[in-house]
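Required output: the full structure, derived from the provided sequences and hints.
Note that the protein sequences, when read in sequence, are chains E and P. At position 438 of the first sequence (counting the first as 1) the number is 437 in numbering that gives the first Met the number 0, and the numbers step up by one without a gap. At position 238 of the second sequence (counting the first as 1) the number is 237 in numbering that gives the first Met the number 0, and the numbers step up by one without a gap.
It should be emphasised that the hints constitute simulated quantities derived from the structure, not laboratory data. A few of these clues could be false.
To be verified - Facing chain P, a subset of chain E residues (Cβ under 10 Å, in silico):
hint : residue
1    : Gln126
2    : Arg133
3    : Ala135
4    : Arg137
5    : Gly140
6    : Ala142
7    : Ala162
8    : Glu257
9    : His388
As the list claims (entries may be wrong) - Some residues of chain P that are not near chain E, with every Cβ distance over 12 Å (derived):
hint : residue
10   : Ile23
11   : Ile52
12   : Asp62
13   : Ser66
14   : Leu150
15   : Pro191
16   : Ser236
17   : Ile248
18   : Arg258
19   : Gly261
20   : Ala281
21   : Leu292
22   : Arg332
23   : Arg333
Unchecked claim - Quick list of the computed label-pair ranges, beta carbon to beta carbon:
hint : chain 1 : residue 1 : chain 2 : residue 2 : range
24   : P       : Met282    : E       : Ser138    : 19 to 29 Å
25   : P       : Glu334    : E       : Pro327    : 44 to 54 Å
26   : P       : Glu334    : E       : Pro62     : 44 to 54 Å
27   : P       : Asp303    : E       : Gly153    : 26 to 36 Å
28   : P       : Asp303    : E       : Glu27     : 56 to 66 Å
29   : E       : Gln218    : P       : Glu285    : 34 to 44 Å
30   : P       : Leu204    : E       : Lys408    : 38 to 48 Å
31   : E       : Arg137    : P       : Pro148    : 50 to 60 Å
32   : E       : Pro327    : P       : Asp303    : 29 to 39 Å
33   : P       : Gly200    : E       : Lys408    : 32 to 42 Å
34   : E       : Ala139    : P       : Ser117    : 51 to 61 Å
35   : E       : Asp420    : P       : Ser117    : 45 to 55 Å
36   : E       : Ala139    : P       : Glu334    : 19 to 29 Å
Model, not experiment: these values are computed from the prediction. Ideal Cβ placement from N, Cα and C applies to all residues, glycine included.
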Amino acid sequence: MPVEVILPKVDMDMTHGTLAVWHVAEGEMVQKGAALFDIETDKAAMEVEAPASGSLHHITAQPGDKVAVGTIVAWLYAKDEAVGAAPLTAAAKQDAPPPVTVALPADITPPLSAPSFPPPQAEALAQRATPSARHAARSAGIALERVRGSGPLGRVQRDDVTAFLQSAPQTPATAPWVPQSGPLHISRRKGQGLPLVLFHGFTADSQSWAPLEKALGPQQPLIRIDLPGHGKSPRRRIAGFAELARMVVEAFDEATREHDKVHLLGHSLGGAMALALADIRGRKLASLSLISPAGLGPEVDADALAGIVRASRAESLAPWLRRLTATPDGISDDYARAAMAPRKDPAMRAAQADMTAALFPDGVQAFDLRPALQRIEAPTQILWGRQDHILPYRHALAADGDFAIHLLKGAGHIPQIECPDRVARIVQRLIAGCDAPV
Amino acid sequence: MNAQAPTDLRTLSYAEAIREAMAIAMEADPTVILMGEDIGVYGGAFQVTLDLIDRFGPDRVMDTPISELGGAGVAVGAALTGLKPIFEFQFSDFAMLAMEQIVNQAAKLRYMLGGEASVPVVFRLPAGSGTGAAAQHSQSIEAWFGHVPGLKVLQPATPEDAKGMLLAALADPDPVMIFEHKLLYKMKGHVPAGSYLTPIGKALLRRAGTDVTIVAGSIMLHRALEAAEKLAAEGISAEVIDLRSIRPIDHETILASVRKTGRLMVVYEGVKAFGVGAEISAMVAESDAFDYLDAPILRLGGADAPVPYNPDLERASVPQVDTIEAAARRLVRREV
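Here's what the structure looks like:
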């Protein structure tokens, strides 16, 4: 990662400084400790040293600009580091007074990669663009401000966006998934802020989070854990809920060893796991989000669970999958075929069949996490589809404790797949409220 | 009537095609009658009815007194009581004298009588500039009637459509206004024999293209097609849509084209402001096709002035081939 060059606070009561002069030009190399630029305040003028060695890029403040303390005014790239787009500055990283530099509009995803011209200036907010160009930029998730317009008065045309997308090398914007050894399969992705630990539902796996991961954006650090007998975790026989919970706690401890706090998100059976975890690892929790969690009442559509576990081909899987969504048309035949592919492994189906018998004897949820829910102290919210056919959302209404309930219109049992953007927004709101700067 | 060439090469003028449609309808249906000033022995101001009085007699080809309000009123009354009158105005400008009958009576009676009556009248209106007939005889006021629920407003651009639209208008149970451009009456084109109906409310893609959509009706269609031909030589591919029907307007054909080309020009002869172009532009801006626009929408319309008598000024007051060509070029070259 390039090193940020920040306008420092050189006076106790200073909120802004005027950038007087750059001693190094854009693209030039500089040694750590060498004079980089001068600032002037009401009281003093001062030389600022380079915080690292490297080449200077993405200068956002020009001589004469008045800049808030803490604002990033440029970036230093190490000698062999590729210069990409100006890295986005997370608002949370900056010190108190809001910077005067322009933040990208919230609804525009950061650009994927390198433009060949400078980052946006203040007046770029008034970017002229045709509706078609705006639409194309929105669809591609790029900030229009980065596209040079060829139309009248610099208006961005659709062609300009197309050309921009073609010229920009496709470097990955998100950190890669890295597997971690442990009793269960763990994968993690770096980002900014506290990580969000994800527990998938019964018969699902870590891959099922893909739509939500996309909606959460590349900045969110994530840790995914495959439940026993699921995904890439060992196919172990489980005697009951307590044993399952023990394995999950062990994996959780392993996965979160280097973090003081994490956010936790669980879906369905993973929600029950998250609740059990929260009960014994409460101090580690910054927040808890539960999507259609199990364990809050006896009712469950056991036929659907058994049907999914038993299915050995897409045709027999599809009818059961269609109970997962609000309406049956939410699951296409192609979706069912794709869902069946990882379920071809008979050992996995056998392990899950055993689990069905252990966890849902006689078609009942034989574990009760309502007491755990009552005891939770971390900020907690439950998201539930109003048209969930697997677990009734009334379980959330009947449960006791301090938590928020979000009932999602038009969603079934898997809102994180049916409407990932809405789920992401709700989860992000809670995370943002709990992700206080350390 | 005279160009009776056989089958596929059969060619008629626009006026002949209209006359043929009237004759076919009158032969097939005794309730179809013609009314208007000087349409009998004189043959009509533009000789469209010509010899029909000889074939069908003065009871069915009726000269009406010089009162558009009176004539249109008789036509509406006749329609209300079971006949199918085709009423000809000498100039579309004179429809203003008959506004009460067209707008307050014909357009509203079906609604006000709870559907128990209808007014199957057809108004034929010679329209447009280019004949040196000055400000009171050269207007293009079709958009005025597009504002009136209960009316259908058509604008045939070819002899084939002129015949098919008149027959379709006669088959329609409600009042239909057909604006015929005076400069098109002598234009020749293929016209199928026998009876056929041109669907009301359907625009027609006359020339496919990829760079800009030009919506034009009546004589503007021909100017737009000529401009498109010239633009093609420069590598600009214009798609030309014949609007044909102002009310109802064919949203889907226009929107589909805009989604394809990303640029829209509307060309019409009526005064530019508050006209057909405004309606079409707004319709596109309100639709999902908005997201496909890659340039501002352009309207090319008549000057904001009475149509001048001076021939050079008259020509300059409405869109011509060169102005359409230049505007489309600027639009595609991002100069707008």
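Hints, one by one, checked against the model:
1. Given the 10 Å rule on beta carbons, the hint for E:Gln126 is violated: about 15 Å separates it from the nearest Cβ of chain P.
2. For the restraint placing E:Arg133 at the interface with chain P, the shortest Cβ-Cβ distance is roughly 8 Å, inside the 10 Å limit, so the hint holds.
3. For E:Ala135, the interface hint holds, the least distance from its beta-carbon to any beta-carbon of chain P being 9 Å, beneath 10 Å.
4. A least Cβ separation of about 9 Å between E:Arg137 and chain P falls short of the 10 Å threshold, and the interface hint therefore holds.
5. For E:Gly140, the suggested interface contact is broken, since its CB lies about 16 Å from the closest CB of chain P, more than 10 Å.
6. The restraint placing E:Ala142 at the interface with chain P is violated, with a minimum CB-CB distance near 18 Å, outside the 10 Å limit.
7. The restraint placing E:Ala162 at the interface with chain P is violated, with a minimum CB-CB distance near 13 Å, outside the 10 Å limit.
8. With a least beta-carbon distance of about 46 Å to chain P, the hint placing E:Glu257 at the interface is violated under the 10 Å criterion.
9. A hinted interface residue such as E:His388 counts as satisfied when its beta carbon comes closer than 10 Å to some beta carbon of chain P; here the least separation is about 33 Å, so the hint is violated.
10. Interface exclusion of P:Ile23 from chain E stands, the closest Cβ pair being 47 Å apart, more than 12 Å.
11. Consistency note on P:Ile52: stated as away from chain E, and its beta-carbon is indeed over 12 Å from all of that chain's, at 56 Å minimum.
12. Every Cβ of chain E is farther than 12 Å from the Cβ of P:Asp62; the closest lies at roughly 55 Å, confirming the non-interface assignment.
13. No Cβ of chain E approaches the Cβ of P:Ser66 within 12 Å, the least distance being about 51 Å, so the stated non-interface status holds.
14. Chain E leaves P:Leu150 outside its interface by the beta-carbon criterion, the shortest separation being 33 Å against a cut-off of 12 Å.
15. Chain E leaves P:Pro191 outside its interface by the beta-carbon criterion, the shortest separation being 40 Å against a cut-off of 12 Å.
16. Every C-beta of chain E lies more than 12 Å from that of P:Ser236, the closest at about 15 Å, which supports listing it as non-interface.
17. With a closest Cβ-Cβ approach of about 21 Å to chain E, P:Ile248 is found to remain outside the 12 Å limit, as its non-interface label requires.
18. Not every CB of chain E is more than 12 Å from the CB of P:Arg258 (nearest about 10 Å), against its label as outside the interface.
19. The non-interface label for P:Gly261 is inconsistent with chain E: the shortest C-beta to C-beta separation is roughly 5 Å, within 12 Å.
20. Look at P:Ala281: its CB is around 14 Å from the nearest CB on chain E, clear of 12 Å, so calling it non-interface holds up.
21. Some Cβ of chain E comes within 12 Å of the Cβ of P:Leu292; the nearest lies about 5 Å off, and the non-interface call is violated.
22. For P:Arg332, the condition that its CB be more than 12 Å from all CB atoms of chain E is violated, with the nearest at approximately 10 Å.
23. With a minimum CB-CB distance of about 5 Å to chain E, P:Arg333 fails to clear the 12 Å threshold, and the non-interface call is violated.
24. Separated by about 24 Å at the C-beta atoms, P:Met282 and E:Ser138 satisfy the suggested range of 19 to 29 Å.
25. For the hinted restraint 44 to 54 Å between P:Glu334 and E:Pro327, the CB-CB distance of approximately 53 Å keeps it satisfied.
26. The supplied range of 44 to 54 Å is broken by P:Glu334 and E:Pro62, whose beta-carbon atoms lie about 37 Å from each other.
27. In this structure the hint that P:Asp303 and E:Gly153 lie 26 to 36 Å apart at CB holds, the actual value being about 31 Å.
28. For the pair P:Asp303 and E:Glu27, the supplied restraint of 56 to 66 Å holds, since their beta-carbon distance comes to about 59 Å.
29. Look at E:Gln218 against P:Glu285: about 36 Å separates their beta carbons, and that is inside 34 to 44 Å.
30. Checked against the given bound of 38 to 48 Å, the beta carbons of P:Leu204 and E:Lys408, roughly 41 Å apart, stay inside it.
31. Between E:Arg137 and P:Pro148 the Cβ separation comes to about 38 Å, which falls outside the hinted range of 50 to 60 Å.
32. At about 59 Å, the beta-carbon gap between E:Pro327 and P:Asp303 misses the expected band of 29 to 39 Å.
33. At roughly 38 Å, the beta carbons of P:Gly200 and E:Lys408 sit within the given window of 32 to 42 Å.
34. Distance hint check: the CB atoms of E:Ala139 and P:Ser117 are about 54 Å apart, consistent with the given range 51 to 61 Å.
35. In this structure the supplied range 45 to 55 Å holds for E:Asp420 paired with P:Ser117, their Cβ-Cβ distance being about 52 Å.
36. Distance hint check for E:Ala139 and P:Glu334: the Cβ-Cβ separation is about 27 Å, which falls inside the suggested range of 19 to 29 Å.
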